[in-house]
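J.: Position chain B relative to chain A; hints supplied.
Top to bottom, those sequences are chains A and B.
Going by our numbering, the first sequence opens with residue 176, and the numbers climb by one from there.
Going by our numbering, the second sequence opens with residue 232, and the numbers climb by one from there.
One thing to keep in mind: the hints can contain errors.
What the hints assert, rightly or not - Partial chain A-side listing against chain B, Cβ under 10 Å, derived:
(1) D320
(2) R323
(3) R359
(4) A363
(5) F375
To be verified - Examples of chain A residues lying across from chain B (beta carbon under 10 Å, computed):
(6) D357
(7) L360
(8) E362
(9) G368
(10) N370
(11) Q373
(12) T374
(13) R377
These aren't lab readings, by the way, just hints derived from the structure by calculation.
No residue lacks a Cβ here, since even glycine has one placed at the ideal position from N, Cα and C.
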Amino acid sequence: MKKRNAVLLSTPYLIWMVLFTLIPLGVVVYYALTDPGTGEFSFINIRQMGMYLPVLWSSILYSLVSAVVCLVIGYPVAYYIAHCSQTAQKFLYMLVMLPMCMSFLLRTLAWVGLLNDQGIINNFLVAFFNWLRSLGGIFSRIPQDFGRLTLIRTPGAVVLGMVYNYLPYMILPLYSTIVKIDHRLIEAAEDLGCNGVQTFRRVILPLSVPGILSGMTMVFVPAVSTFYISQKMGSSSTVLIGDVIERQFKQGNNPNLGAALSIVLMLLVFVCTGIMNRFGGDDEGSVMV
Amino acid sequence: MSKELIRLRDLVMEFDGERILDGINLYINDHEFLTLLGPSGCGKTTTLRIIGGFLTPTSGTVTFDGATINDVPPYKRQINTVFQRYALFPHLDVYDNIAFGLRVAKVPKNEIDQRVREMLEIVSLKGYENRHIDSLSGGQQQRVAIARALVNRPKVLLLDEPLGALDLRLRKDMQNELKRIQQALGITFIYVTHDQEEALSMSDTIVVMDKGRIQQIGKPEDIYNEPKNAFVADFIGESNILDGVMLSDYRVRFFDRTFECVDKGFAENEPVDVVIRPEDVDVVPPKQGHLVGKVTAITFKGLNYDIIVEFKGFKWLIQSTDYQAVGSTIGIRLNPEDIHIMHKSEYSGMFGDYSSYSAEYDELTEDAEDEEA
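Chain A extracted, bound-state conformation:
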C-alpha cells in the first residue's frame, strides 16, 4: 500500500484519537494544574496529593502481589496448555478466555455473593458444621453457628478479585510465548546434560521471559487503576487510588485533585511498562502490551 493511501485510511481514527484522547488529556492536565476555587494556575493539587501517597503505594503493592500470584498460578497452566494436543489447546484456550466474555461487574458481584458474611461459602460452612454437630458425640461440642469466616472486606479478597479478573491476561501471553519455544531447544538442552529441572531453569524459563513480562504488565496496569473490585470486595482500609480518583469526581469533592491523581497514575503506568519492556528487550510477546 502506498504511504498516501495509508494516511488516508487511518485518518478517521487519527481524528478520533485527537478528539477523544489527546484533547481530553489536555483537559485533564489543565484541571490538574488549576486551583479548584479560583480557577487560576496553581500547584495546589500537586501539593495536596501528598496525603494520598500511602493509597498510591498500597495500590501498587496490591497490583504487584496480584500480578505475582497470577504468574505463579498462570505459568503452570500456560505451560500445560502449550504442551497439549492441538485440539486440546484450542479448547483450553477458549476456557481461559471464557470468563472474559462475561461482564466484569457481574463477575465481581458474583464473588461478593460467594464471600459475603451470609454468602454461599459461609452458609455452606455453617450448614456443614451444624450437620456435624447433629451427629452427636464429640461433634456436639461444636458451638452454634461455628465456621463463619470473614472473607469479604479483607486485603485477601481484593487480591482474589484482581487475580480472578486478570488471570486470563497473564495466561494468554505466557501461553503464546511458551508454545513458540522450539522443541529442539529442549532436546538440545537434554543432549548437553540437563535433567528436567535444569532444562526448565536454563532454557524454558529464560525463553519465557517476554511472556512473563508481558503478562505482568497486562495484569498490573488494569489492576493498579481499578476501583470497583476494592469497593465491592474490600473495606475502608483497602481503598485504592482508583477509588480515590472516582470519589474526587463523583462525589464532587475536587475534580482538580482527581485529575492530578490520574496524571500521576498514568505516569506510573508508563514507567512500569517502560521498565518491563526494557527488560524484555525487543522480543516478540511484549508486543502485546
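T.: Frame of chain A; chain B shown alone:
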C-alpha cells in the same frame, strides 16, 4: 580398526502402528566416521535419535561400551548431537552457547573458559564470543553448533543432516572441516545425510538405508563398486540396471549377447540385475561396438556430457567427454570390470532405466528432505 563402541540389535521402531525401523543390526567402532545414508523417510534420523536417547525403540537393544542404554535418558549419555538446523539457544551468545554443557556439568570456571576458547579456535570463530546467535550466518551457526557439542568431549558425536541448510560451496568447505575435526579429535562421528556425494567423500563406513531396513554396509568404494541391489546402485551414483542371466561364473548374457565379467558364485542360469555405471561405458564407432544405439538426448554437465542412448527400446545413460549429435548412431564397448552383477531383489525393475530421463534427474533425491521424523 579399533574396538566396537555402539551396537544396535534388532531395532524395531513403530509409530501409530507404522513400522519406521524394521530390524536394524549395526555396530559402530570407536573413532569411526559412519554415515547413515538414505532417502527421506528411510529411518536414518529415527536411528540417530534412538542412539541419542530421544526415542526409545519399540523392541531391540542399544548397547554402548557393552552396557545396554535403551532407557538411559539423553543427559546421561556420553553422546552429543549437532541438530538439524542447529537448535542454538537464542537467549545466549556464542560463548554461552558453547559453554552451556560445561556449566551444566559444573566444570570450574577457568577450565570452561579455556575449553571454550580452544573450541572457538578449532571452528575458526575466534572473536565471535559475544555475538548474538541471530547475527551469525548459516555457516557460522553451524560451527557454533559443532563447537557446542564437541566442547563436552563426547565419545560420540551425532550429526543430523548438519550441512543441509548451507549452500553448495559452504557445504564443501564444511565437509572438509568436519573430516579434519573428526580426525584431529579422534571422536566417533555418526552422520545422517541423504547426499550420496557427502557420504562417499567423508565416511569410513556407509550404511545405506531404505524403508526402515539396512540395504548395505560397507566402505565408500565397496558400496559404489559393488552395490548389493538395484536400490543401492541407483541411490549411490548413476546406474544403468538391466535384466541379465548369469550363464556360469564370469559369463553373463544380456541384450542377446554374452559378455565376460568378473563376478562368480551365482547359480547357473540365475536371473540377475546387471549394473553398468555411465562413466564406465566406452563410446566407439558403431562397427567396433558390442552394442549399437541411437543418441536421443545430450546435456552438457561441465565435466562431461550426459548422453541418453537407446538400445532396443531401453535407454541408457552414458557419460562421455565427447559430444555426440542427437540422432546419430554410436557403438559402445564394455570391459569385463565395467559389468557388475547383483542378485535379484525387491527393487529389481524399479531403477536404472532412463526412459523418463530429464535433465533434472540428479536433483530428484535432494529436495524436500528435511521434514523427516
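J.: Could you check the structure against the hints above and give me the numbers of any it violates, in ascending order?
T.: 1, 2 and 5
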